[in-house]
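Each chain is listed here by its residues.
2 protein chains.
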Amino acid sequence: MLPIYIAMPCWDTTLNFTENSIMNRPAPAPTQFLSVEDVAAIVARVGLASTLSRMADYIEADYRRWQDFDKCARVASHSKEGVIELMPIADASSYAFKYVNGHPKNTGAGLPTVMAFGVLADVASGRPELLSELTLTTALRTAAMSAVAARALARPNSKSMALIGNGAQSEFQALAFHHLLGIQEIRLFDTDPQASRKLIANLRHTPLRLTLCASIGEAVRGADIVTTVTADKSNATILTPELIEPGMHINGVGGDCPGKTELHPDVLRASSVFVEYEPQTRIEGDLQQMPADFAVTELWQVLKQQAPGRSRADQITLFDSVGFALEDYSALRYLRDCARELGLGQALSLIPALANPKDLFGLIRPLSQAAPPQAAASGAAPRGAAPRSAAPEAARQELALVL
Amino acid sequence: MLPIYIAMPCWDTTLNFTENSIMNRPAPAPTQFLSVEDVAAIVARVGLASTLSRMADYIEADYRRWQDFDKCARVASHSKEGVIELMPIADASSYAFKYVNGHPKNTGAGLPTVMAFGVLADVASGRPELLSELTLTTALRTAAMSAVAARALARPNSKSMALIGNGAQSEFQALAFHHLLGIQEIRLFDTDPQASRKLIANLRHTPLRLTLCASIGEAVRGADIVTTVTADKSNATILTPELIEPGMHINGVGGDCPGKTELHPDVLRASSVFVEYEPQTRIEGDLQQMPADFAVTELWQVLKQQAPGRSRADQITLFDSVGFALEDYSALRYLRDCARELGLGQALSLIPALANPKDLFGLIRPLSQAAPPQAAASGAAPRGAAPRSAAPEAARQELALVL
Numbered sequence: 001m002l003p004i005y006i007a008m009p010c011w012d013t014t015l016n017f018t019e020n021s022i023m024n025r026p027a028p029a030p031t032q033f034l035s036v037e038d039v040a041a042i043v044a045r046v047g048l049a050s051t052l053s054r055m056a057d058y059i060e061a062d063y064r065r066w067q068d069f070d071k072c073a074r075v076a077s078h079s080k081e082g083v084i085e086l087m088p089i090a091d092a093s094s095y096a097f098k099y100v101n102g103h104p105k106n107t108g109a110g111l112p113t114v115m116a117f118g119v120l121a122d123v124a125s126g127r128p129e130l131l132s133e134l135t136l137t138t139a140l141r142t143a144a145m146s147a148v149a150a151r152a153l154a155r156p157n158s159k160s161m162a163l164i165g166n167g168a169q170s171e172f173q174a175l176a177f178h179h180l181l182g183i184q185e186i187r188l189f190d191t192d193p194q195a196s197r198k199l200i201a202n203l204r205h206t207p208l209r210l211t212l213c214a215s216i217g218e219a220v221r222g223a224d225i226v227t228t229v230t231a232d233k234s235n236a237t238i239l240t241p242e243l244i245e246p247g248m249h250i251n252g253v254g255g256d257c258p259g260k261t262e263l264h265p266d267v268l269r270a271s272s273v274f275v276e277y278e279p280q281t282r283i284e285g286d287l288q289q290m291p292a293d294f295a296v297t298e299l300w301q302v303l304k305q306q307a308p309g310r311s312r313a314d315q316i317t318l319f320d321s322v323g324f325a326l327e328d329y330s331a332l333r334y335l336r337d338c339a340r341e342l343g344l345g346q347a348l349s350l351i352p353a354l355a356n357p358k359d360l361f362g363l364i365r366p367l368s369q370a371a372p373p374q375a376a377a378s379g380a381a382p383r384g385a386a387p388r389s390a391a392p393e394a395a396r397q398e399l400a401l402v403l
Numbered sequence: 001m002l003p004i005y006i007a008m009p010c011w012d013t014t015l016n017f018t019e020n021s022i023m024n025r026p027a028p029a030p031t032q033f034l035s036v037e038d039v040a041a042i043v044a045r046v047g048l049a050s051t052l053s054r055m056a057d058y059i060e061a062d063y064r065r066w067q068d069f070d071k072c073a074r075v076a077s078h079s080k081e082g083v084i085e086l087m088p089i090a091d092a093s094s095y096a097f098k099y100v101n102g103h104p105k106n107t108g109a110g111l112p113t114v115m116a117f118g119v120l121a122d123v124a125s126g127r128p129e130l131l132s133e134l135t136l137t138t139a140l141r142t143a144a145m146s147a148v149a150a151r152a153l154a155r156p157n158s159k160s161m162a163l164i165g166n167g168a169q170s171e172f173q174a175l176a177f178h179h180l181l182g183i184q185e186i187r188l189f190d191t192d193p194q195a196s197r198k199l200i201a202n203l204r205h206t207p208l209r210l211t212l213c214a215s216i217g218e219a220v221r222g223a224d225i226v227t228t229v230t231a232d233k234s235n236a237t238i239l240t241p242e243l244i245e246p247g248m249h250i251n252g253v254g255g256d257c258p259g260k261t262e263l264h265p266d267v268l269r270a271s272s273v274f275v276e277y278e279p280q281t282r283i284e285g286d287l288q289q290m291p292a293d294f295a296v297t298e299l300w301q302v303l304k305q306q307a308p309g310r311s312r313a314d315q316i317t318l319f320d321s322v323g324f325a326l327e328d329y330s331a332l333r334y335l336r337d338c339a340r341e342l343g344l345g346q347a348l349s350l351i352p353a354l355a356n357p358k359d360l361f362g363l364i365r366p367l368s369q370a371a372p373p374q375a376a377a378s379g380a381a382p383r384g385a386a387p388r389s390a391a392p393e394a395a396r397q398e399l400a401l402v403l
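Taken in sequence, the protein lines are chains A and B. So the first sequence is numbered by my numbering: it starts at 1 and just counts up by one. So the second sequence is numbered by my numbering: it starts at 1 and just counts up by one.
There is no bait here: all hints are sound.
With a straight-line cut-off of 25 Å between C-alpha atoms, the simulated BS3-like cross-links for lysine-lysine are:
{"hint": "1", "chain 1": "B", "residue 1": "Lys71", "chain 2": "A", "residue 2": "Lys71"}
{"hint": "2", "chain 1": "A", "residue 1": "Lys80", "chain 2": "B", "residue 2": "Lys71"}
{"hint": "3", "chain 1": "B", "residue 1": "Lys71", "chain 2": "B", "residue 2": "Lys304"}
{"hint": "4", "chain 1": "A", "residue 1": "Lys71", "chain 2": "A", "residue 2": "Lys304"}
{"hint": "5", "chain 1": "B", "residue 1": "Lys80", "chain 2": "B", "residue 2": "Lys105"}
{"hint": "6", "chain 1": "A", "residue 1": "Lys71", "chain 2": "B", "residue 2": "Lys80"}
{"hint": "7", "chain 1": "A", "residue 1": "Lys80", "chain 2": "A", "residue 2": "Lys105"}
What the simulated footprint calls covered on chain A by chain B, stretch by stretch (three residues with Cβ under 8 Å from a Cβ of chain B suffice, anywhere in the stretch; the number is not a length):
{"hint": "8", "segment": "36–46"}
{"hint": "9", "segment": "78–92"}
{"hint": "10", "segment": "113–120"}
Worth flagging that the hints you see were computed from the coordinates, not collected in a lab. A virtual CB, placed ideally from N, CA and C, is assigned to each residue, including glycine.
Construct the entire structure; sequences and hints are all you get.
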C-alpha cells in the first residue's frame, strides 16, 4: 500500500540543520478532508457492491494481521440520552480514531441516531493526514464487517436473511449480504412501519425479494441468517431461544453498549459465539449478560485459521458485533486510497504550516515586527499548497493595532 | 453562556411525529470549522493580552465547577518517536475532546513538535458543533493555565521569570506571565541558541526585559518564577535542588508524559506540589518519579478556597502541569463564543443533513429511484445552510450508472 501524500524526506538525524536545508525542505502536506458528499461520490463512482466488497477486503486483511495493532476498548461518555465514544487504534505506521455517538431519540429531532467522523494520522510524526466523515462510512463498514464474519461462519449457500430493525443501517446490511454472500430474500420487521416502508422503497429496484413480516417470529422462521440491528438503548429481548433454528447464523449488531442488548442469554448459550475484540465485547456486546468465563472466539483467529468457525451444518453461530476501532482504521485506509485514485477531497487548514516549526508565535506576530532570523531565512510565508481560509496577513495586520 | 447555534426545538417526546411536523422542523445546524487562520484572526482582533486573559477566566470558571465534569486520564498511544493522545471530557451539556501529539524530532522535518485539533459536541444529541484547530490554541491555553495557577501560587509582586526551553510555547508563557501577573523580566535559556534568538526577536517589541543566560543556573538565580517548557522525551534533569531558592514558584510544563520529566525528585520533595487532575499527573507529570503516597493538591481546591495555596513567602510552590482536557473544553468554549461574536468560521459537511434521519441510504440512492414516502414528503433536498462540497446530485447521477 503506497501512502497517498508526498513522503517527507528521511532526514539523517545526525545532520545539523542549516538555514539552507530548512529552506529547501518540502512543506508538509496539509490534512485532506473528505466530506459526506465526497464519500457519497466514492460510492457513486466505485459502485455500492464494489465499495462493500473492497472495504470487506481491507477489513479482512487488517484482521489477519491482528497482532500488529495496539488495541484498547473504546472510551465512552454516557449520558441519559445516549453515548459519545472515541475509538483509537494504531499499528507501527498509522494511527486512527473515530468519534461516534449513539442517541436513539435523535431521529425525533431530525438527526441520525449515529453520527461519526474520524482521522488517520502518521505515527512517526503525529500529523493528521486525513479527516473524513464516517456516518455513511460506519454503515458501510459495519455491513462489510458483518459480511466478513458471515462468510466465515454462516452455512454456505445461505439464501434468506431476517432483518430485525429497519433503520439507517438496514439497507447497507441487506445489500452487503446480497452482494457478498448471495442472499436473495430479506424477511424484514420493525416496530416502526414507516422504517420498513422506507427500507422496501430503497431496495425495490434491487434483485432482492423483500417480505414484510408482522412479527419477529414470522421474520426469523426458516431464515438462514438473522440480523438484529435495533437502536433502543435498553436491555431488549429481540431474539428468544425458541425462535432460533439449527444451522442459523445470527448477526447481532444492535447490542453494542452497556445496558443495550438484543438477545436472550439462552440464545448465547445455544450458540458458538464470535467477537471482534473480547475485552470490549465483554463490556458492550450481548456478551455483557454472560459470566466472565463464558467462552468466545475472536474472529481474527477464525480468519487466520487458528480457531474453527462453523464445524457442523446444524451448529448455531453468533457474531456478537459491537464495532471495533480496527474496522474504522480499515475504512479510513480504503477511503484514503480511493480518494487518491479518484482525485476527491480537499486540503483543510487544521494544522499550521510553519516556516520555522519552533516559531508558532509567527502565526500571530504583528506585521510591524520583522520575523526572527531563522524564519526570515526560510521565507515568512507558509509554503506548499495553501489551504482555504482567511488570509493570515490580514489577521496580522489587525494584530498590529491591538497588541 | 448562550449557545451559538440555532437551538433545536424541545420536542415533546410523547408527540407522534407526522410527516408534516418533520417538514416544519428546522434543519440541524452544520458543524462549524475554525481553521488555523480563523484562530489567528481571533487573537488579532481581540488582542493577545485580552485573549489570554479571557481564556484564563474561562479556565478558572470551569475549574471552579470541577465536580460538574466526567473526567478521565487521557488515552495515549506511544511510539518510539512520540505520542498521540485523545483527551475527552464532558459535563451535562457539552462534550469536548482534543487530539494532540508530541514528537520532539518533528522540528527537524519541518513540523511542530505539538499539533492539535479538537471538537465541542452537544451531549443531548452527540452532534459535533465545532471543529477547531488547537495547535495555536494549545499554546494559548497552556500559558493561560500556567498563569491561573501562578496567580494562586506565586508570591504577589513577582517581577522576574526564568524561562527554560525557548521553543514553540515559550513566547506564549512569557506574555501570559507579563499580561496576567505583571512579570517584567524574562531570563531565558535553551540548549538551541537559535530557539533563544527567535524568542528574543519575537518579544523585542514588548515592554519585557529579556536576558539571555549562558546556563540554567544563571537563568534561575534570583527569579521569582521558574518556567520549564522543554521538549525532549526523556528523563531530563532541568532543575536540581541546589538551584531552587526559598519563595520561588516553579511552573513545570514540559514533564508531561511517561518517561518525560524535567525536575530532580528532590525539587518535588522541597516543594508544595499542585496538579490539575491527580490520576493523570501521577502517570504523566514529574510526579511519576514519586511514590504513590507523595502528597499533592488539586488546583481546583485552591481556586475554590477548599485547600491552601501559598501560605508563606519562603514556601516553594510547584505547579506540575501536564495539560488536562478541561483546559481544552474551556478553550473550545471560548473559541465558539468568540467566533460567534466576530462572525468567523465556516460550515463543514462533516455530518449528513438528512431529510429523513432514518434514511441514511438516501445519500447514495440512485437518481433513477424515487425517495421513499417519508423522505419525499419532507423534501428530497437537504435543508438549511448548504455546506461546501461536491454536489450530492452529481454523485447520485453517477451511482445510477454503476449500482
